[in-house]
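Student: As a plain string of letters, each chain reads:
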Amino acid sequence: MGWEVVIGLEVHAQLNTATKIFCGCSTTFGAEPNSHTCPVCLAMPGALPVLNEAAVDKAIALGLAIGAELNRQSVFARKNYFYPDLPKGYQISQYELPVVGKGTLTISLTDGTEKVVGVTRAHLEEDAGKSLHEAFVDQSGIDLNRAGTPLLEIVSEPDMRSPAEAVAYLKKLHALVRYLDICDGNMQEGSFRCDANVSLRRPGAPLGTRAEIKNLNSFRFLEKALEYEIARQRDILERGGCIVQETRLYDAGRGETRSMRSKEEANDYRYFPDPDLLPLVLDPARIARVRGTLPELPDIKRARFMRQYALPAYDAGVLTMSRVLADYYEQVAVGVDSKLAANWVMGELLGALNKAGIEIETCPVSAEKLRLLVQRIEDQTISGKIAKEIFEDLFHSGGEVDAIIEKRGLRQITDTGAIAALVDGIVAAHPQQVADFRAGKDKLLGFFVGQVMKASKGKANPDQVNTILLERLRKE
Amino acid sequence: MELHELSLRALHQGLQERRFSSVELTGALLARIARMNPTLNAFLTVTETEALAAAAAADARRAAGEDGLLLGIPVAHKDIFCTAGVRTTCGSKMLERFVSPYSATVVERLAAEGMVMLGKLNMDEFAMGSSNETSYFGAVRNPWHTGMVPGGSSGGSAAAVAAGLVPAATGTDTGGSIRQPAALCGVTGIKPTYGRVSRYGMIAFASSLDQGGPLARSAEDCALLLNVMAAHDPRDSTSHPAAASDFLRGLDRPLQGLRVGVPEEFFGAGLDPEVAAAVQAGIEELARQGASVQSVRLPNNPYAVSTYYVLAPAEASSNLARFDGVRYTHRTEVPKDLTDLYQRSRYEGFGAEVRRRILVGTYVLSAGYYDAYYRKAQQVRSLIREDFRRAFAEVDVIIGPTTPTPAFPLGAKNADPVAMYLADIYTIAVNLAGIPAMSLPCGFTRGGLPIGMQLMGDYFADDLLLNVAHRYQRETPWHTARPSFITGEA
Chain D
1 MGWEVVIGLE VHAQLNTATK IFCGCSTTFG AEPNSHTCPV CLAMPGALPV LNEAAVDKAI
61 ALGLAIGAEL NRQSVFARKN YFYPDLPKGY QISQYELPVV GKGTLTISLT DGTEKVVGVT
121 RAHLEEDAGK SLHEAFVDQS GIDLNRAGTP LLEIVSEPDM RSPAEAVAYL KKLHALVRYL
181 DICDGNMQEG SFRCDANVSL RRPGAPLGTR AEIKNLNSFR FLEKALEYEI ARQRDILERG
241 GCIVQETRLY DAGRGETRSM RSKEEANDYR YFPDPDLLPL VLDPARIARV RGTLPELPDI
301 KRARFMRQYA LPAYDAGVLT MSRVLADYYE QVAVGVDSKL AANWVMGELL GALNKAGIEI
361 ETCPVSAEKL RLLVQRIEDQ TISGKIAKEI FEDLFHSGGE VDAIIEKRGL RQITDTGAIA
421 ALVDGIVAAH PQQVADFRAG KDKLLGFFVG QVMKASKGKA NPDQVNTILL ERLRKE
Chain F
1 MELHELSLRA LHQGLQERRF SSVELTGALL ARIARMNPTL NAFLTVTETE ALAAAAAADA
61 RRAAGEDGLL LGIPVAHKDI FCTAGVRTTC GSKMLERFVS PYSATVVERL AAEGMVMLGK
121 LNMDEFAMGS SNETSYFGAV RNPWHTGMVP GGSSGGSAAA VAAGLVPAAT GTDTGGSIRQ
181 PAALCGVTGI KPTYGRVSRY GMIAFASSLD QGGPLARSAE DCALLLNVMA AHDPRDSTSH
241 PAAASDFLRG LDRPLQGLRV GVPEEFFGAG LDPEVAAAVQ AGIEELARQG ASVQSVRLPN
301 NPYAVSTYYV LAPAEASSNL ARFDGVRYTH RTEVPKDLTD LYQRSRYEGF GAEVRRRILV
361 GTYVLSAGYY DAYYRKAQQV RSLIREDFRR AFAEVDVIIG PTTPTPAFPL GAKNADPVAM
421 YLADIYTIAV NLAGIPAMSL PCGFTRGGLP IGMQLMGDYF ADDLLLNVAH RYQRETPWHT
481 ARPSFITGEA
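Note that the protein sequences, when read in sequence, are chains D and F. Okay, so the first sequence: first residue is 1 according to full-length UniProt numbering, each after it adds one. Okay, so the second sequence: first residue is 1 according to full-length UniProt numbering, each after it adds one.
Misleading hints may appear alongside valid ones.
Heads up, simulated DSS-like pairs for lysine-lysine below, C-alpha to C-alpha not over 30 Å straight-line [said to hold, decoys possible]:
#, chain 1, residue 1, chain 2, residue 2
1, F, 93, D, 130
2, D, 79, F, 376
3, F, 376, D, 102
4, D, 214, F, 376
5, D, 441, D, 407
6, F, 376, D, 263
7, F, 93, D, 79
8, F, 376, D, 130
9, D, 263, D, 102
10, F, 336, D, 263
Examples of chain D residues lying across from chain F (beta carbon under 10 Å, computed) [stated by the list, open to error]:
#, residue
11, 38
12, 42
13, 49
14, 80
15, 142
16, 274
17, 291
18, 295
19, 339
It should be emphasised that the hints constitute simulated quantities derived from the structure, not laboratory data. Note that CB positions come from ideal geometry on N, CA and C, so glycine has one too.
The shape of chain F in the complex, shown without the other chains:
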């Protein structure tokens, strides 16, 4: 296998056995990025010089006797994580020239392990989108078929990992933004329990829903990254005191006795039959390994999308107020007065989808509408949480499709925001509840597009999800398939 196809485990072994150095590995991937990124547009910034310097430093640490599992291994960050000295755009014109004075906790932690940052990854603007088409810097293309979207908002992360530009990447998930692109690009991604991964330095979209996590080519690789990413952070008040854990420890536990729940609500109208069949086959594989399968109800799941599109825009309308043209953002030319400065800077700096959500969020928080929208949505959120609580009294994991369809063509849903929002119909309830969930490849369509299966667990059952996914991946080939780079339009 070539360097760009190796898992994190294999890369560590190669570095350990001195079969290649971090500088060689980094150089090989930088060359691959230079060759393929013009087509994929997954990287917004490639930090070649810094990466080679970091790789040399990692090689020196290894030569000095260190042997960290991630030491010298390349990684890339979704451009939502602040990186000191390297611009952080969040996919927006608003932050086109923003260079953060500080690094996100996640970035710091991975760097401290000696991981080599190759650059920053494309994303939907301010993580608002499900196709990566809202990025100010242009859409990302799906490595399996370049006429298709990679999903979003962590589309650059999923596409880069799928295309072998980087072995693992960070992403964030507010309503499915790790899992949906992971499914559409055929990679493995986990949205940890809310509070596992520090949000400090991760540009906020909807603070009560946002959660960072890894995307990689296997559950084991995700576990390796999560071992470092998950930690209590005193700089994030919502970080959980027991956030840290060893996610590798239970990875190999057999699935005998595992109780799997299958929610009827996830297999109704709108679900692509090929996706349904692949996920069913995935569930059967788990049954074959000794899991018991039963039906569960999540009766409030149908309200998840509407609830989300009240709460997330409400928080976003406030979170994005700091981008006001006064300090580090885009500023309009020659403003007439203060109001003009605000209005034009924000109109010019934000794209249409971001403006739409700010307007919706402002509306639902306004005097006279708050009770009807925001407060009501919070009540429904409690009911959704309650659904999961009841379900997890009966089962250990809940399994369903990650997305209703495989990757769709670029431009297909741009005219219809609601159709786009429905791409996250199975992923959003998880964020509203704050529970962990992951997506892993479970098959392909006849057209050669990857299909994702979603595992959902109770609070802090992240390790169980990784365990189930790992056992599944030991017996199935889906996660090892490499993209075909079908070109042309859909």
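Bound conformation, chain D alone:
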């Protein structure tokens, strides 16, 4: 009998508000240490928190997008523990009553099926600062710029049954928070990170003892860490051992998880309602206002792309991964073949972005330029092959599509006389191959096409070259 894997994820999404959750300091990343601080986020004596309402609106947006219950009254609580980068000695979070209650997220699996994953809750809280151990000898530095940055912790049900499902869920959530413009999704900077709870059980048995893997900040690390952890637990269980409930860290360098602390060593956080903050009350008008600002959500957009642009499910899924990419595609697809546009965006464009390691947001080729390029293929000004060369130029050196075509003389040769002259030249120069072709070696057609295209510097219209070649070669 096999093992069933049970996975639940806790995702911390840093909300992209301009200021911190309980004070007016900037949330900008990468500033001089402790330059974005004030008495409140430094936890000076007597300083008090005031809730940033923009963070609440972003939590409401997430709640609406996953069809969750929004609690009309939620409560901020203090999570008490000592750490140097936690200046108050407690983190303001939500405990018994979170702002967002139960919701769902639907993920697409590789076999084409869909699965609904439950979201238990999402609550608002503040981030801690950072301890810097590298720059000092026998000392640690504390940077409190990040202290008080708003986080939305989104907790899933233990509904995932494989690392692939967990990755699909995380990607879906990642796309969603970016769609909603509530989080920049930057995983390297830690704006979007997750903890994974994983356990194994015999199918149908009650949940097994779980381990929690902390602070996974890439999809790959999540997958690798889960794979390692599942193998580790399976190994222990099959040898008749017991899983210890504990918190583990993933060491990306060694590709393994290791124990950080056991349940017994876990803090007693002594949660209690924060008396400095009133309960957060959401009135229906506010919820309606946020609902009015929601963009078209990924699932709905994907269905529309399949319908409106007659795209296969796969293409529609890729193109709606991010709002910016989807918007880009829709601009490219204006007045040109929508499938050809999709191929260009998914193929050349995403390939080049990926290779250059840049995001669609900072893509050097505007959607309008790519649209024109696709149009020039459609109107036969250039061939697809030439278009790829022009795209390379646009991507790396900029410029305008038509100007490049003219300047470099890349306009496709469609003049039948000119192509026939080229063809005649090639046919005359290769009597042996002509004889072989006529003797039945059909494969040689490719050779002739290649020679003609080469002679035209790639500019001859391939369809016309084919037609004229066949005409000449079959003539006795």
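Given the structure of chain D, go ahead and fit chain F onto it with the hints provided.
Tutor: Below, chain F alone, put in the same frame as chain D:
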């Protein structure tokens, strides 16, 4: 009368009529502080240079035509209010060298009116105490009898006002810390409705109970200060939008028709007979002025002290976590590691009473004990609130003693924390409910110690309390008596 005996009204008049300048007034009080503070230990920090500069600035503003009621009048702050550039200790070794980068809202507001800060006043460490003996900087002595405690935690504020070192002072009240020392030192003090006075910059003890307020020599003087102190503050989420009010407007309203409630629970065992008699006489004075008096019940009041000593330490254990040896606090020498840094810095920086309350608070919030203590105490808190709601359906003010006894000797209750906690038996329920209450002098013991009467009102009835106290003080001499400075041990 000498300058140090004048009320705020009289001081304003004197400044207005140019009979003396703010610089002269400030200088006179600084001289008095220099002479008497070594005995009383009411001031922890005297800001002489800054005070004289502020006084000169106030005189210039007055010369330029301004005539604020508080312009150029000296004040001093309990050392729990952060003051930019002037150290703020909260009575603790932990903050012995702490200089705040910012000022509390209350400090800013009074300074903006042109009040002249003379310095910072002694207090029980982190406001935890009822005798001012837990201060790291030594006990404050009661001006009426220097062998006696002044009460606490705002003991420095009450003693300084009583001794004429300053005409008015700020204090804070978490379980009686304005009213109890006001009673023991024979001054008038008000704990406003929770949410009236901003807590921003006021070092937190128990956030859901803490409330700042004035101590002065009369209800009218308190009203003058509260007019400036009470205001909505967007930097304090618990500040009430309608916090501001004109507390002078209704001060003179006659008491005809006022319904006074007297709670049986406040006159039971443990109440000193001399205190009981003085308070009864006070109630009779109000009746003489036309108030009707009836008995009311506050059946859950006996649980107030126990409830308070779960909730206040719980909040304190968390509020005081920021004093961790990492940033602006006392830090132990050569810590071995992080845990050692925390443990020794906190052990050395906090006094015994503060450590006791942090331990109690940590315990009642711990897994497995939360429901039995913290949650249960919150339920009792609701019942106490309900008691007052019912009572205020029948009466306008509730009157009783502020404290069960007059000032007690220094050292008398140090060995028995519970005996000390019972000094606040009549004041704590008010904080749990969040309602306003004040203490005003209503007589003396045969030994010459002042006795305080407590007025309690419904939410936002602060103005009514000040009105009743003012009418009472128009007809009685108690608040005008000046301390005898009896010396020696009790």
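Student: Confirm or reject each hint.
Tutor: Hint check:
1. Straight-line distance between C-alpha atoms of residue 93(F) and residue 130(D) comes to about 28 Å, which keeps the hinted pair within the 30 Å bound.
2. A distance of roughly 20 Å separates the Cα atoms of residue 79(D) and residue 376(F); the hinted pair therefore holds under the 30 Å criterion.
3. A distance of roughly 29 Å separates the Cα atoms of residue 376(F) and residue 102(D); the hinted pair therefore holds under the 30 Å criterion.
4. Between residue 214(D) and residue 376(F) the CA atoms are separated by roughly 35 Å; this puts the pair beyond 30 Å, and the hint is violated.
5. Straight-line distance between C-alpha atoms of residue 441(D) and residue 407(D) comes to about 40 Å, which puts the hinted pair past the 30 Å bound.
6. Restraint check for residue 376(F) and residue 263(D): satisfied, since their Cα atoms lie roughly 28 Å apart, inside the 30 Å limit.
7. Between residue 93(F) and residue 79(D) the alpha-carbon distance is near 27 Å, which keeps this suggested pair within the 30 Å criterion.
8. Using a Cα cut-off of 30 Å, the hinted pair residue 376(F) and residue 130(D) is violated, with the two alpha carbons roughly 37 Å apart.
9. The straight-line distance between the Cα atoms of residue 263(D) and residue 102(D) is roughly 27 Å, inside the 30 Å bound, and the hint therefore holds.
10. Restraint check for residue 336(F) and residue 263(D): the C-alpha separation of about 26 Å stays at or below 30 Å, so the hint holds.
11. Using the Cβ-Cβ criterion of 10 Å, the hint placing residue 38(D) at the interface with chain F is satisfied: the shortest such distance is roughly 9 Å.
12. Given hint, residue 42(D) at the interface with chain F, holds; its Cβ is 7 Å from that chain's nearest Cβ, closer than 10 Å.
13. For residue 49(D), the suggested interface contact is upheld, since its CB lies about 7 Å from the closest CB of chain F, less than 10 Å.
14. Taking 10 Å as the C-beta contact cut-off toward chain F, the hint placing residue 80(D) at the interface holds, the least distance being around 5 Å.
15. The beta carbon of residue 142(D) is positioned within 10 Å of a beta carbon in chain F (closest approach about 7 Å), and the interface hint is therefore held.
16. Against a cut-off of 10 Å between C-beta atoms, the interface hint on residue 274(D) holds, since the closest Cβ of chain F lies about 8 Å away.
17. Nearest Cβ of chain F to the Cβ of residue 291(D): about 26 Å, over the 10 Å cut. The hint is violated.
18. The interface hint given for residue 295(D) is broken, as the beta carbon of that residue sits about 31 Å from the closest beta carbon of chain F, more than 10 Å.
19. For the restraint placing residue 339(D) at the interface with chain F, the shortest Cβ-Cβ distance is roughly 55 Å, beyond the 10 Å limit, so the hint is violated.
Violation of the numbered hints given earlier is confined to hints 4, 5, 8, 17, 18, 19; the remaining hints are satisfied by the structure.
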